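Assembling the complex is the task here: the two chains are given apart, and the hints tell you how they should meet.
In the order they appear, the protein sequences are chains A and B.
So for the first sequence, the numbering used here puts the first residue at 72; every next one is plus one.
So for the second sequence, the numbering used here puts the first residue at 115; every next one is plus one.
By construction, these hints were calculated from the structure, which means they are not laboratory data.
On a predicted model such as this, the values are computed, not experimentally measured, just so you know.
Every residue, glycine too, gets a C-beta built ideally from N, C-alpha and C.
Please note that the accuracy of each hint is not assured.
Computed Cβ-Cβ distance ranges for the label pairs, DEER-style [unchecked claim]:
1) A/Trp107 to B/Ala324: 23 to 31 Å
2) A/Arg161 to B/Gly390: 55 to 63 Å
3) B/Pro148 to A/Arg199: 13 to 21 Å
4) B/Gly187 to A/Ala273: 54 to 62 Å
5) B/Val227 to A/Asp262: 36 to 44 Å
6) A/Gly272 to B/Val227: 52 to 60 Å
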Amino acid sequence: MTTFTPPTDTAAAVTERPNDTRAGGRPPRAERGASWWLYAVLGVGLLVMSLPFVWMLVSSVKPESEVRRVPPTWLPETVTSDNYQQLLDRLSFPTYFVNSTVVAVVVMLGNLVFCSMLGYALAKLDFRGKRVVFALVLGTLMVPGIAIIVPLFVLVTNLGLTNTFPGLFLPYLVTPIGVFLMRQYFLGLPDELISAARVDGAGEFRIFWNVMLPLTGPALATLALLTFLASWNNFLWPLVVAQTEDRYTLPVALALYSVGQNATEYGVLLAGAVVVVLPVIAVFLAVQRYFVQGIAMTGIK
Amino acid sequence: MATVSTTPAPVAARRGATPLRRSQARTAWLLALPFLLLFATFTVGPVLASLFMSFTDMRSTDLRSPLAIDLAGFSNYVDLFGDPLFRKVAVNTAIFVLIGVPLTMALALAAAVGLNGITRVRSFFRLGYYLPVVTSIVAVAVVWRFLLQPDTGPINQVLGLIGIDGPNWLGSTTLALPTLIVMTTWRNLGYLMVIFLAGLQTVPREMLEAAEVDGASRWQRFRYVTVPVMRPTLLFGAVITSIGYLQFFEEPFVMTNGGPLDATRSTAMYVYDQFGFGNYGVATAASYVLFVAIAALTFVLFRALRPTE
Numbered sequence: 072m073t074t075f076t077p078p079t080d081t082a083a084a085v086t087e088r089p090n091d092t093r094a095g096g097r098p099p100r101a102e103r104g105a106s107w108w109l110y111a112v113l114g115v116g117l118l119v120m121s122l123p124f125v126w127m128l129v130s131s132v133k134p135e136s137e138v139r140r141v142p143p144t145w146l147p148e149t150v151t152s153d154n155y156q157q158l159l160d161r162l163s164f165p166t167y168f169v170n171s172t173v174v175a176v177v178v179m180l181g182n183l184v185f186c187s188m189l190g191y192a193l194a195k196l197d198f199r200g201k202r203v204v205f206a207l208v209l210g211t212l213m214v215p216g217i218a219i220i221v222p223l224f225v226l227v228t229n230l231g232l233t234n235t236f237p238g239l240f241l242p243y244l245v246t247p248i249g250v251f252l253m254r255q256y257f258l259g260l261p262d263e264l265i266s267a268a269r270v271d272g273a274g275e276f277r278i279f280w281n282v283m284l285p286l287t288g289p290a291l292a293t294l295a296l297l298t299f300l301a302s303w304n305n306f307l308w309p310l311v312v313a314q315t316e317d318r319y320t321l322p323v324a325l326a327l328y329s330v331g332q333n334a335t336e337y338g339v340l341l342a343g344a345v346v347v348v349l350p351v352i353a354v355f356l357a358v359q360r361y362f363v364q365g366i367a368m369t370g371i372k
Numbered sequence: 115m116a117t118v119s120t121t122p123a124p125v126a127a128r129r130g131a132t133p134l135r136r137s138q139a140r141t142a143w144l145l146a147l148p149f150l151l152l153f154a155t156f157t158v159g160p161v162l163a164s165l166f167m168s169f170t171d172m173r174s175t176d177l178r179s180p181l182a183i184d185l186a187g188f189s190n191y192v193d194l195f196g197d198p199l200f201r202k203v204a205v206n207t208a209i210f211v212l213i214g215v216p217l218t219m220a221l222a223l224a225a226a227v228g229l230n231g232i233t234r235v236r237s238f239f240r241l242g243y244y245l246p247v248v249t250s251i252v253a254v255a256v257v258w259r260f261l262l263q264p265d266t267g268p269i270n271q272v273l274g275l276i277g278i279d280g281p282n283w284l285g286s287t288t289l290a291l292p293t294l295i296v297m298t299t300w301r302n303l304g305y306l307m308v309i310f311l312a313g314l315q316t317v318p319r320e321m322l323e324a325a326e327v328d329g330a331s332r333w334q335r336f337r338y339v340t341v342p343v344m345r346p347t348l349l350f351g352a353v354i355t356s357i358g359y360l361q362f363f364e365e366p367f368v369m370t371n372g373g374p375l376d377a378t379r380s381t382a383m384y385v386y387d388q389f390g391f392g393n394y395g396v397a398t399a400a401s402y403v404l405f406v407a408i409a410a411l412t413f414v415l416f417r418a419l420r421p422t423e
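This is chain B alone, in the form it adopts within the complex (with noise of 0.2 Å):
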C-alpha cells in the first residue's frame, strides 16, 4: 500500500523554518482553509450545536432567536426514553439492524461465492445485482409499493397462480417490517457483494487447494480457510450496513408512513416527526441517541480495521 514516502530529513532541517517548509505550510492551509470552513459551518458546528440543543427548551418558536432559549437539563432525554412511541421506535430500528444486516450479509456473501465461481459473463452479473445499489431509494420504495399491492400488485397475482393467497404486505401489524426489511436487503445486498468479491480475491488460492488436498470439504474450505481470512472484510460489511440500516428512513416514508400502528416508524422518522411538531429539543435529543449509536459503531469499526502488525 502507498505510504507516505518523504525522505527522512536531518532533524535540524525538519524543524527549523526553512523557506521550503514556511511556504509549504502557507499553501497547506491555504488548500485546506475552504473545506475546513464548509466543514467546520455545516457538520462540525451542527454535531456540537445538536448536543447542546439537546440540553435546552428549544422549540420551533425560538427558530429566529436561536441564542435566547433556556437550559432544560436532562429533560428532554428523560422524556425522549419515557414516550412509549420512542421506546417502539427504537426497538423497531433495533429488529430492522439486528435481522436485516445478516440477512443482507448472508445473501450478499452467497452472491459473492457465486459469482466468484463463475468464469463467464461474470462482470454482467455483477453489474445487475448492482443496479438497485445506485438508485434513489425514493424511487425504488414507490415501484415496490406498488408491486406489494394486496389486490393488484404483481407479487400476490404471481402467487395467486400456485394457488397462495397473497397477504396485505404492508398493510399488516407482523408483516410491514419484515417485508421493508427484504426490500431493503434487496437493494443494498449488489454494495456487500462488490465488497466481498474483493475480499473474497484476497484469500490465497495454495492455502484452499492445501485444504482440498488434505480433504476438506467445499464447506469446510469455505468455513475454516475462506471466512478467517476474509474476516476484517465481513466486519467492515457488517459495521457499514449497520450504520446505514441505524438510519432507516425513506421506506417507511414512502411506503406505510410508519404504520400500521407504528409497525415501521424508525428512530430518524421519529426525530423528523418531532422536528416537524417543532419540538426542537427533543428532537435533537432523539438524533443524538442515534448519532452516538452510529459513532460507538464506527469507532468499532476503525478499531477492528486497524492493521495487526
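Only chain A is shown next, with the shape it has when bound in the complex (with noise of 0.2 Å):
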C-alpha cells in the first residue's frame, strides 16, 4: 500500500512520548551536565524565532513617529491604539475580516464533510473503482494553486462567479489531504463496529453518519484546524478572483496596502498583521496538539 511511511509510522512517538520524562527515557549523565549550553543555543534560536512577532505587536501600539525612531524605542513610550482606529474607520479591515472568516468556515465545513465521506468509502466500503478513486486522489495531492490559476479563473469568470464568495470558497471544498488524513483515521477503527451495526439492521449510510463518523473526533478535528488555517492564510486565489475591496480577504488587502499608496504607514500596516496574525496564533496555542496530530498523520502542515 502506497503512503507517507515516517509520519504515520511516527505517529505515535510525536504526539505522546511517555518514556520521556521517567527514568527510561532520561539522557546519560554526561549529557545531562553538558546541557546547559544547548538550553542556551536553543533559547537565542527561540529569541530569533520569536522576536519579529513581539516587535510586530509592540510597534503596533506606538505612534507613527515613534514607529520610524531612530534609535527605535523597544518598549513603546506612548502606548496608542491609533492604528487600529485607521484600521476600523479607514481601511474597512472589519469587512476583510469577516470575508475571511466567511470563507474559511465553509471551506472547512466543506472538507469536514466531504472528505470525511469519501475517506469512509476508501477505507470501510467495497466498490469497484476503488483502487482508482483512490489513486486520483493520491496522484493529485501535490497540484499547485499556480498551475492550474489561468484555467480555475476561465471558468470561474465563465460561472459569473469572480468577485463573489462561492468563487473564493468553491475551489477548496475538497481537498485530497484530508481524504488521505480521513481514510487513514478511518482504517484504525474496527470492523465490527460495522458488522455489528448491520446485523442490527442499519442502513450504510446510517452507520457512517452515526456509528463511525462520531468516532473521528481528532481526525475531524486535525482536519478542521489545517483547512480553516490553509484558506486564512491563502493569498494566490483571492488575489486574482477578489477584484473589489468589498471582497479582499485579510491577506490580500494586507499586501495590497503595503505595496500600494499606503506602503509608508508602517504603523497601521502592523497593526494589519496584527490583526491577520494574532487570531491564528491564539487558535495555534489553544489546541497545539492536533496541529502536531496533524503533520503526523499527514504529513503536510
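Here is the structure:
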C-alpha cells in the first residue's frame, strides 16, 4: 500500500512519548551535565523565532512617529490604539476580517463533510473503482495553486462567480490531503462496529453517519484546523478572484496596502499584520496538539 | 500500522453481487460523488485545461469565449524559453530551492536534535519554533520588510550597535535573494523540525548505546546511526520543502515586488505577471513547466517512500 511512511509510522511517537520524563528516557549523566549550553543555544534560537512577532505587536501600538524613530524604542513610550482605529475607520478591515472568516469557515465545513465521506468509502466500503479513485486522489496531492490559476479563473469567470464568495471558496471545498487523513483514521477503527450495526439492521449511510463518523473526533478536529488555517492564510487565489475591496480577504488587503499608496504607514500596516496573525496564534496555542497530530498523520501542514 | 482488515471472504461470495455488496457499492459512490464532482471541476479539469491552453494562443480577450481559440503548437514554449526574463526567473527559483532547502533542512535538523537532547520545557521550545509556520506569509513578509529597512529597521540598528554598517538588504541585487531565502528559512524550519523530531524517535536507543559502548563519538553516532535510520524522513523533508519553495511567490510579491532588477522575481511571479498581461497561453506554459517539476518531485517522493519489504 502506498502511504507516506515516516509520518504515519511516527504518529504515536510525536504525539506522546510516555518514556520521556520517566527514568528510562533520561539521557546519560554526561549529557545531562553538558546540556546547559544546549538550552542557551535553543533559547537564542527561540528569541530569533519570536522577536519579529514581539516587535510587530509592540510597534503596532506606537504612534507613527515613534515607529520610525532612530534609534528605535524597544518598549513604546506612548501607547496608542490609533493604528487599529485607522484599520477600523479608514481601511475597512472589519469587512476583510468577516470575508476571511466566512470563506475559511465554509472551506472548513466543506472539507469536513466531503473528505470524511470519501475517506470512509475508501477505508471501509467495498466497491468497484476504489483503487482508481484512491490513486486519483493521491496523484493530485500536490497540485500547486499556481499551476491551475489561469483555467480556474476562466472557469470561475464563465460561471459568473468572480468577485463573489462562492468564487472564493468553491475551489477549496475538497482537498486530497483531507481524504488521505480521514481514510487513515477510518482504517484504524474496527470493522466489527460496522458488522454489528449491519446485524442490527442499520443502513449503510446510517452506519457511516451515526456509528463511525462520531468516532473520528480527533481526525475531524485536525482536518478542521488545517483547512481553516490554509484558507485563512491563502493568498494567490483570493488575490486573483477578489476584485473590489468589499471582497478582499485579510492577506489580500494587507499585501495590496503594503505595496500600494499606504506602503509608508508602518504603524497601520503592522497593526494589520497583527489582525491577520493574532487569531491564528491564539487558535494555535489553544489546540496545538492537533497540529502536531496533523503533521504526524499526514506529513503535510 | 493500520491496514484494511476485511476478513477474506470466499472468492465466489466476493465476486457475486450480493445485496450487501450492492448496497455498499451504492453507498460508496453516493459518498464519493460530491467530492469527485468538486474535485473534477476545480482541480482535475483545470490541470488538463492548463495543459491544453498552453498549446493555444488564448489571451484575456478570449476570456468569455474560451472555446473559440486556435492551436498554436509549441510556440508558447518556444517563446517562453526564448524569453531572457523567464530564464532569469527559472534561475532565481532554482537558486532559491538549491540554497533554501539545504539551509532549512540543516537548521531544522539541528533544532530537532537539540530539542531531542533536552527534557525540560521541550514542548515550549517546539511551540515557539513552530509559530511562524502557522502564520500568514503575507503578514510575516510585511513585518520582515520593516525589520530590514536600511535606515530605520531594527536589524540594521542592532548591527550599528556593534559597529557594522548594515546594508540595504532588499535593495541590493546581490543581497535581496539571499535575504528572502533566510526569511523563508526562518518561517519554515519549525515545520521540518517537528517532522524530524518525530523521525528521531524512530532511532532505536539500543543502537545508539551500542555505538557508544563501541567508542563512537557523538558525531559518529549521529552520522552513522541516526542519519541512516532517518533517511526516509530526511528525504520526505527535502522533497516537501522543495515542492513548497518551487512555488515561491508571496515573499517577493510583498517584500521586493520581484526587484531590484528582477533579482528576486520567481517563476510563480512570472506566471502571475503573464496572466495579468493577458497572455494566457504563455502563462499556462510557464505554469506547466513549474507543475512538471513539482510532479517529478512528487513522483520521487512516492518512489522513495514506498515501504521496502
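Verification of the hints:
1. For A/Trp107 and B/Ala324, the hinted distance range of 23 to 31 Å is satisfied, since their beta carbons lie about 28 Å from each other.
2. A beta carbon spacing of about 27 Å between A/Arg161 and B/Gly390 contradicts the range 55 to 63 Å that was offered as a hint.
3. Separated by about 19 Å at the C-beta atoms, B/Pro148 and A/Arg199 satisfy the suggested range of 13 to 21 Å.
4. Checked against the hint of 54 to 62 Å, the pair B/Gly187 and A/Ala273 passes, with Cβ atoms roughly 58 Å apart.
5. Roughly 41 Å separates the CB atoms of B/Val227 and A/Asp262, a value that falls within the hinted 36 to 44 Å.
6. Separation of A/Gly272 from B/Val227 is about 56 Å and conforms to the stated range, judged on CB atoms against 52 to 60 Å.
In terms of the numbered hints stated before, the structure departs from hint 2 and from no other.
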